[in-house]
Amino acid sequence: MAAKIRVARPTKIELARLKRRLRLAMRIQKIIKDRLSILVMEFLQTVRESAEVKERLQKEYDDAYKALSLALGYHGYAPVEQTLMISEMPFSLHAATRNVAGVRLPTFQMEENREAPQAVHPAENSSLLEYTSDMARKCLSTTVELAELQSALELLGDEINKVKRINNALEYVVIPGLDVTIKYLSMKFEERDREEVARLKYVKLLIEKREAYAY
Amino acid sequence: MPIEQEKDDVIARYLGSELSSVNAQLPKKRKTLSQLLHEEHPRVSCLDGSEHFFRIDELRFLASILEDHERDDLLLPMIIEVHSGRSDMMVRSRRSDEEQGVEAKVFAEVLDMPVSVEKTGVRIYRSQLGAMRRALKTTTQYVFTL
Numbered sequence: 001m002a003a004k005i006r007v008a009r010p011t012k013i014e015l016a017r018l019k020r021r022l023r024l025a026m027r028i029q030k031i032i033k034d035r036l037s038i039l040v041m042e043f044l045q046t047v048r049e050s051a052e053v054k055e056r057l058q059k060e061y062d063d064a065y066k067a068l069s070l071a072l073g074y075h076g077y078a079p080v081e082q083t084l085m086i087s088e089m090p091f092s093l094h095a096a097t098r099n100v101a102g103v104r105l106p107t108f109q110m111e112e113n114r115e116a117p118q119a120v121h122p123a124e125n126s127s128l129l130e131y132t133s134d135m136a137r138k139c140l141s142t143t144v145e146l147a148e149l150q151s152a153l154e155l156l157g158d159e160i161n162k163v164k165r166i167n168n169a170l171e172y173v174v175i176p177g178l179d180v181t182i183k184y185l186s187m188k189f190e191e192r193d194r195e196e197v198a199r200l201k202y203v204k205l206l207i208e209k210r211e212a213y214a215y
Numbered sequence: 001m002p003i004e005q006e007k008d009d010v011i012a013r014y015l016g017s018e019l020s021s022v023n024a025q026l027p028k029k030r031k032t033l034s035q036l037l038h039e040e041h042p043r044v045s046c047l048d049g050s051e052h053f054f055r056i057d058e059l060r061f062l063a064s065i066l067e068d069h070e071r072d073d074l075l076l077p078m079i080i081e082v083h084s085g086r087s088d089m090m091v092r093s094r095r096s097d098e099e100q101g102v103e104a105k106v107f108a109e110v111l112d113m114p115v116s117v118e119k120t121g122v123r124i125y126r127s128q129l130g131a132m133r134r135a136l137k138t139t140t141q142y143v144f145t146l
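Top line first, the protein sequences correspond to chains A and B.
Under the numbering used here, the first residue of the first sequence carries the number 1, and numbering increases by one thereafter.
Under the numbering used here, the first residue of the second sequence carries the number 1, and numbering increases by one thereafter.
Be careful, since some hints might not be right.
Said to hold, decoys possible - Listed next, with one range per pair, are the computed distances between beta-carbon atoms:
1. B:D68 - A:Y77: 52 to 60 Å
2. B:R60 - A:R27: 38 to 46 Å
3. B:H69 - A:Y172: 49 to 57 Å
4. A:Y172 - B:I65: 41 to 49 Å
5. A:F189 - B:S21: 32 to 40 Å
6. B:H83 - A:S69: 51 to 59 Å
Stated by the list, open to error - According to the in silico footprint, chain B covers these stretches of chain A (three or more CB under 8 Å from chain B):
7. 41-54
8. 92-101
9. 104-111
10. 183-193
Stated by the list, open to error - Over the 12 Å line for every Cβ pair with chain A, so calculated as not near, a few chain B residues:
11. H38
12. R43
13. F61
14. E67
15. D72
16. R92
17. M113
18. P114
19. S116
20. E118
21. K119
22. T145
Hints in this document: simulated from the structure, not taken from any laboratory.
Built from N, CA and C at the ideal position, the CB exists for glycine as well.
Start from the sequences and build out the full structure, keeping to the hints where you can.
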């Protein structure tokens with residue numbers, strides 16, 4: 001795409017202003033490229049981590065369902081349901097933000113309340129139920145971890161798109177446009193200088209001719 | 001022509017604000033590890049008004065690496081300086097010339113290899129960055145410089 005020449009006033013002040021703007025645009029492009037590379041690195045790392053956590057979650061859910069079906073088979077549906085109805089999981093979820101190269105990403109921190117009564121008390125219930133409860137707690141904690149990674153992925157992806165657009169605009173529109181305008185103005189000033197020299201020579205010639213005729 | 005002029009001004013303004021916003025997420029004031037360990041929800045305020053929270057697990061991990069007196073020397077978040085056009089990055093550290101900084105000790109432990117320590121800080125390479133960020137997600141932050 002050919003860059004457009006944008007010039008308000010063909011003056012030397014304008015040329016200096018454009019050169020300053022070109023320097024600024026190039027500096028910003030350098031920083032934006034760095035930011036883009038860091039964001040892409042973070043994104044890829046989050047993808048990798050997310051895949052690992054998904055795999056782990058799948059395995060944990062498998063184990064949890066196996067444990068639950070074992071407990072159901074051993075105790076029967078009604079007693080297990082009764083135990084689960086009266087039990088609660090003592091934990092709190094703290095949601096906050098962290099900053100990664102200018103992107104605000106959510107962080108979730110699951111905190112278990114150790115003072116609160118346990119979901120399934122080991123003394124009152126069988127080891128099977130206790131094991132099932134432990135597995136469910138693990139699943140919950142991994143689900144929270146996965147939620148954090150997934151939302152980070154979305155936000156990082158959006159930011160990468162935005163930064164890419166800015167980088168492309170600078171690389172293909174702003175910088176070439178400024179370059180072309182600076183070249184156009186420089187050529188115009190050079191041409192004006194050449195015209196000035198030619199005119200001066202012509203005037204000098206005229207004066208010499210006039211002086212020659214005068215003698 | 002006036003429309004073109006306006007468009008140009010908008011671009012210039014936008015470019016200027018982009019440069020200032022790139023590092024707006026930096027903390028106003030950093031805190032030491034021991035200070036953060038005593039907070040219920042450890043966090044620092046950033047220049048853009050937002051807050052940056054630290055994971056308690058990460059802080060505990062750092063505390064397990066360091067001695068008691070070193071916890072007062074480690075300022076968090078650790079700032080990773082990204083220089084444009086260079087493959088290495090710098091983490092500034094407060095240290096005397098004789099001893100290596102606390103940051104160097106942390107990175108050496110995390111990367112499980114010795115790191116190159118210089119007068120102004122610790123030099124890390126892009127290949128090491130992934131492993132480091134994975135272990136220290138909230139306790140490190142980037143700053144972009146030219």
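Hint-by-hint comparison with the structure:
no. : hint                       : result
1   : B:D68 - A:Y77: 52 to 60 Å  : 54 Å, holds
2   : B:R60 - A:R27: 38 to 46 Å  : 41 Å, holds
3   : B:H69 - A:Y172: 49 to 57 Å : 54 Å, holds
4   : A:Y172 - B:I65: 41 to 49 Å : 47 Å, holds
5   : A:F189 - B:S21: 32 to 40 Å : 36 Å, holds
6   : B:H83 - A:S69: 51 to 59 Å  : 57 Å, holds
7   : 41-54                      : holds (count 4)
8   : 92-101                     : holds (count 7)
9   : 104-111                    : holds (count 3)
10  : 183-193                    : violated (count 0)
11  : H38                        : 16 Å, holds
12  : R43                        : 7 Å, violated
13  : F61                        : 14 Å, holds
14  : E67                        : 26 Å, holds
15  : D72                        : 23 Å, holds
16  : R92                        : 17 Å, holds
17  : M113                       : 19 Å, holds
18  : P114                       : 23 Å, holds
19  : S116                       : 20 Å, holds
20  : E118                       : 20 Å, holds
21  : K119                       : 24 Å, holds
22  : T145                       : 8 Å, violated
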